[in-house]
Amino acid sequence: MAMSDLLAPITAQGGSCSLPDAEDWMQGRTLYGGASALIAYTAAIRAFPDLPPLRAGQIAFVAPSSGEVDLRREVVRQGRNVTQVRSEIWCEGQCTLTAFWLFGTAREPNAVHPAETLADWPGGPDENETVLADKGPAFIRNNFELRRAQDQRGPGEPVVQRWARVTNRQGLDPVSELILLGDVLPPGAMRAMQRPGPLSSINWSFNLLDPEPSTQDGWWLSRNASQHADGGYSSERLRLWNTQGRQVLDGMQCAAIFG
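Residue numbers (the numbering used here): 1 to 259.
Derived by calculation from the structure, the hints in this document are not laboratory data.
Owing to the predicted nature of the structure, the values given are computational and were not obtained by experimental measurement.
Hints should not be assumed to be uniformly reliable.
Below are the SDA-like pairs computed for lysine to any residue, each with C-alpha atoms no more than 20 Å apart in a straight line [claimed, not checked]:
#, residue 1, residue 2
1, 135, 200
2, 135, 28
3, 135, 166
4, 135, 186
5, 135, 191
6, 135, 165
7, 135, 231
8, 135, 23
9, 135, 115
10, 135, 196
11, 135, 154
12, 135, 198
13, 135, 145
14, 135, 197
15, 135, 26
16, 135, 167
17, 135, 168
18, 135, 148
19, 135, 1
20, 135, 152
21, 135, 29
22, 135, 155
23, 135, 153
24, 135, 27
25, 135, 18
Take the sequences, apply the hints, and build the full model.
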């Protein structure tokens, strides 16, 4: 189903709502992290429609979220240029996700330099084979298209890199696509695991480098790289580029590595 259908019941008033066909977006016991983050973001921008462009987000995945939610949001502070909004998802009387969004108007720049380009460009999505078309989690098979963007397969350097796009982008703006896609790949630490075991995102923090991102045919290059893993946790760097090789999102995540 289209993500826009899942978001349709979210109103400016917030409060309780039932998300249709949420099972299509479930990852085990909980809504997939990118979907739940987008639900919280949508609750914020529908409640406060005059916000400036999104610049950053901090999301904590506290507990499993389902299709029956209570949406809460508030403006924490509104300054001359920056507005900070908190939004939360509650399920069955407990907070399951809390997010802090930073919106900011553009100002006359006093420092300008581009993000670093990716050293080993993998070629465009049309040059790479499709992966997980008939296997992997159902929410990925049903809602995303992934293509290989690295030669490495199996154990090795703790990096996972894929071209990714939402299968049905109807009603989604590019910023919403990035929030939905930012958490779609498994942690890079997966390649360093000594034995099979489940993985789980605990939080996600990102800076949006372009408030009006664009790409070709909905494709974004996604890269998750473990910076350090030990004690059952991995510190991950998550980045997204458009098809022109311009980085549009820079993020960090703590992931739980079980098993």
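Going down the list of hints, with the structure as the test:
1. Proximity of residue 135 to residue 200 is assessed by CA-CA distance (about 19 Å); at most 20 Å being required, the pair is judged to hold.
2. With a CA separation close to 15 Å, the supplied pair residue 135 and residue 28 stays within the 20 Å bound.
3. A distance of roughly 17 Å separates the Cα atoms of residue 135 and residue 166; the hinted pair therefore holds under the 20 Å criterion.
4. In summary, the hint linking residue 135 to residue 186 is supported, as the alpha carbons are separated by about 14 Å, within the 20 Å threshold.
5. Restraint check for residue 135 and residue 191: satisfied, since their Cα atoms lie roughly 18 Å apart, inside the 20 Å limit.
6. Taking the CA atoms of residue 135 and residue 165, the gap is about 17 Å. The hint holds against a cut of 20 Å.
7. Taking the CA atoms of residue 135 and residue 231, the gap is about 30 Å. The hint is violated against a cut of 20 Å.
8. For the hint pairing residue 135 with residue 23, the CA-to-CA distance comes to about 17 Å; that is within 20 Å, so the pair holds.
9. Pair hint residue 135 plus residue 115 does not hold up; C-alpha atoms about 35 Å apart against a cutoff of 20 Å.
10. Under the criterion of a C-alpha separation no larger than 20 Å, the hint pairing residue 135 with residue 196 is consistent with the structure, at around 17 Å.
11. Using a Cα cut-off of 20 Å, the hinted pair residue 135 and residue 154 holds, with the two alpha carbons roughly 16 Å apart.
12. For a cut-off of 20 Å, the pair hint linking residue 135 to residue 198 stands: about 16 Å separates their Cα positions.
13. Proximity of residue 135 to residue 145 is assessed by CA-CA distance (about 12 Å); at most 20 Å being required, the pair is judged to hold.
14. Taking the CA atoms of residue 135 and residue 197, the gap is about 17 Å. The hint holds against a cut of 20 Å.
15. Of the pairs offered as hints, the one joining residue 135 and residue 26 holds, with about 16 Å between alpha carbons and a cut-off of 20 Å not exceeded.
16. Taking the CA atoms of residue 135 and residue 167, the gap is near 16 Å; set against the 20 Å cutoff, the hint holds.
17. Simply put, residue 135 and residue 168 have alpha-carbon atoms about 19 Å apart, close enough for the 20 Å limit, and the pair holds.
18. The suggested pairing of residue 135 with residue 148 holds, with an alpha-carbon distance near 14 Å, which does not exceed 20 Å.
19. Distance check on the hinted pair: residue 135 and residue 1 sit about 18 Å apart at the alpha-carbon level, within 20 Å; holds.
20. With a CA separation close to 19 Å, the supplied pair residue 135 and residue 152 stays within the 20 Å bound.
21. For the hint linking residue 135 to residue 29, the alpha-carbon distance of about 19 Å falls within 20 Å, and the restraint holds.
22. As the CA atoms of residue 135 and residue 155 are separated by approximately 19 Å, the hinted pair is consistent with the 20 Å bound.
23. Proposed proximity of residue 135 and residue 153 is supported: the alpha carbons are some 16 Å apart, at most 20 Å.
24. In summary, the hint linking residue 135 to residue 27 is supported, as the alpha carbons are separated by about 14 Å, within the 20 Å threshold.
25. Using a Cα cut-off of 20 Å, the hinted pair residue 135 and residue 18 is violated, with the two alpha carbons roughly 29 Å apart.
Checked against the numbered hints above, the structure violates hints 7, 9 and 25; every other hint is satisfied.
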